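The primary structure of each chain is shown beneath.
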Amino acid sequence: MGLRILTVCLALIEDVSEKEKFERLYWQYKDLMFYCAHKRLHDVQLAEDAVNISFLHAAKNMSMVGEVASARTKRLMVTIAERTAINLYHKAQKEYNRTVRMEDVESMVYTSEESDRMIAEAILELPLPYRQAIVLKYSQGYNNREIAAILDCSVAKVEKLLARGKKQLAKQLEEV
Amino acid sequence: MKLTEETLRRAAVLADAMELASLPDKDTCPRHCFSRQFEQEMEKLLGRVERGEITPYAVHLGWPYYARRGAAAALICFLLTCLAAPEAVQAGCAKLMEAVRYVVTEYTEYRYHSTVSEDTAFVPLEIGYLPEGMELAEKYEDESEMHLLYRNGMQYFILDQRIVTENDRFTFGVDTENANIETKLFRGATLELIYKEDRISYIWLYDSYHIFGKCNLGQEELEKILESLVLKY
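Protein chains in written order, with this note's numbering: chain A, -6 to 169; chain B, 811 to 1043.
I should point out that these hints are in silico values taken from the structure, not numbers from a laboratory.
Computed from a predicted structure; not experimentally measured.
We put the beta carbon where it would ideally sit given N, CA and C, even for glycine.
Possibly wrong hints are sitting among the right ones.
Stated by the list, open to error - Subject to a maximum C-alpha distance of 20 Å in a straight line, what follows is the list of computed DMTMM-like cross-link-like pairs (lysine to aspartate or glutamate):
#	chain 1	residue 1	chain 2	residue 2
1	A	Lys53	B	Glu853
2	A	Lys53	A	Glu11
3	A	Lys150	B	Asp952
4	A	Lys153	B	Glu953
5	B	Lys836	A	Glu13
6	B	Lys1024	B	Glu928
7	A	Lys32	B	Asp837
8	B	Lys854	B	Glu976
9	B	Lys854	A	Glu13
10	A	Lys12	B	Glu851
11	B	Lys1034	B	Glu992
12	A	Lys32	B	Glu945
As the list claims (entries may be wrong) - A few chain B residues facing chain A, derived, Cβ under 8 Å:
#	residue
13	Thr838
14	Cys839
15	Leu856
16	Ile864
17	Pro866
18	Pro934
19	Gly938
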């Protein structure tokens, strides 16, 4: 009986908190996600569509959302928005594969070792799908199945992205 | 410059931080005036979330979601395991440990805890025995995991080996709907066999490794294969 009451209470708590969490997620990230999508699509309507689709995707993956205002959740929402924008780009046939420009981060103070920085810069120069897979796995600690859910692709695709991304990274670093 | 898993991890953390820092924060992000159509679509979506109409991705392994729904079932499973198979519990004190198991109707999710040092090198397993005629159809190997698929006509054997170290957060899900599950001690480590239809899935926590796979060869052949596995130092 106690277990049943606990189960009911947990279910109630979960439903209320997930709804509230989703709403907080929306208000926290809608403008940032639009910003990211618009940077790639250069089209207001398409960018809004990307944001809408991204929030639907996020709603299906709410269990991966922890603290709403955390760097981890920010990475998750930005990745979903960028991925959705890429998918819409494929449909709209526009250029999308833009890497992060170093001038965007020149205000950062680098405290890590030089080799870490060089590898980090090489990661940022990778094509977006490889970069996303590598960052989600090695920085955020998601497993391949979770990455597949975030990127809305198969686990096998994720494994290929990681393998090819690392191969390309190794090749870039060999040239250094 | 050599690219190891550790250097890649450190660099990925740095790259992640650099990329996120390049984005505007909440206060400086340009405000966009969304269209009425967008607002209406979002209101519909919020309504669907409120009514619980959004179904999660089937492939997704969200442990907080399953944790709330499976906490009581996991506790019961653990107590039954302690009573029915004390050797399995004792074996769980090995370096790679199953921390918690969340059971729902369709799925069982395992969450692991490891005390294996992060510097531990991955050593691939070598298979000493396979049924006659089985040939390697797929192989993938990197610094932390290996995937093997052997086939002989309709017969197949899959082995996925993964090292789990102290800083890994590793969760793993298996389809256990209408399946029979057997847990036993095998070569000093916990072996879980999940029988469903004509196949057997297995999870074996051997040394520092999470070994998972499936086959349709039958339990006797499966155990002969697992018995023949050695680490290829």
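To see whether the hints hold, each was checked on the structure:
With a C-alpha separation of about 16 Å, the suggested pair Lys53 of chain A and Glu853 of chain B falls inside the 20 Å cut-off, and the hint holds. Simply put, Lys53 of chain A and Glu11 of chain A have alpha-carbon atoms about 11 Å apart, close enough for the 20 Å limit, and the pair holds. Note on Lys150 of chain A and Asp952 of chain B: the hinted pairing holds, with a Cα-Cα distance of about 16 Å set against a maximum of 20 Å. A C-alpha spacing of about 15 Å is found between Lys153 of chain A and Glu953 of chain B, which places the hinted pair at or below 20 Å, so the restraint holds.
Between Lys836 of chain B and Glu13 of chain A, the direct Cα distance comes to roughly 19 Å. Compliance with the 20 Å bound is thereby established for this hinted pair. As the CA atoms of Lys1024 of chain B and Glu928 of chain B are separated by approximately 28 Å, the hinted pair breaks the 20 Å bound. At most 20 Å may separate the alpha-carbon atoms for a hinted pair to count; Lys32 of chain A and Asp837 of chain B meet this at roughly 18 Å. Annotation: proposed proximity of Lys854 of chain B to Glu976 of chain B is violated, straight-line Cα distance about 43 Å (limit 20 Å).
With a C-alpha separation of about 15 Å, the suggested pairing of Lys854 of chain B with Glu13 of chain A holds against the 20 Å cut-off. Straight-line distance between C-alpha atoms of Lys12 of chain A and Glu851 of chain B comes to about 16 Å, which keeps the hinted pair within the 20 Å bound. The suggested pairing of Lys1034 of chain B with Glu992 of chain B holds, with an alpha-carbon distance near 17 Å, which does not exceed 20 Å. Distance check on the hinted pair: Lys32 of chain A and Glu945 of chain B sit about 49 Å apart at the alpha-carbon level, beyond 20 Å; violated.
The interface hint given for Thr838 of chain B is violated, since its Cβ lies 10 Å from the closest Cβ of chain A, which is over the 8 Å cut-off. Annotation: Cys839 of chain B was flagged as interfacial toward chain A, and the flag holds, the nearest CB pair being 5 Å apart, inside 8 Å. Satisfaction of the interface hint for Leu856 of chain B is found here, the shortest Cβ-Cβ separation to chain A being roughly 7 Å, below the 8 Å cut-off. Interface restraint check for Ile864 of chain B: the shortest CB-CB distance to chain A comes to about 5 Å, inside 8 Å, so the restraint holds.
Interface hint status for Pro866 of chain B: upheld, as the beta-carbon distance to the closest one in chain A is roughly 5 Å, under 8 Å. With a least beta-carbon distance of about 16 Å to chain A, the hint placing Pro934 of chain B at the interface is violated under the 8 Å criterion. A hinted interface residue such as Gly938 of chain B counts as satisfied when its beta carbon comes closer than 8 Å to some beta carbon of chain A; here the least separation is about 27 Å, so the hint is violated.
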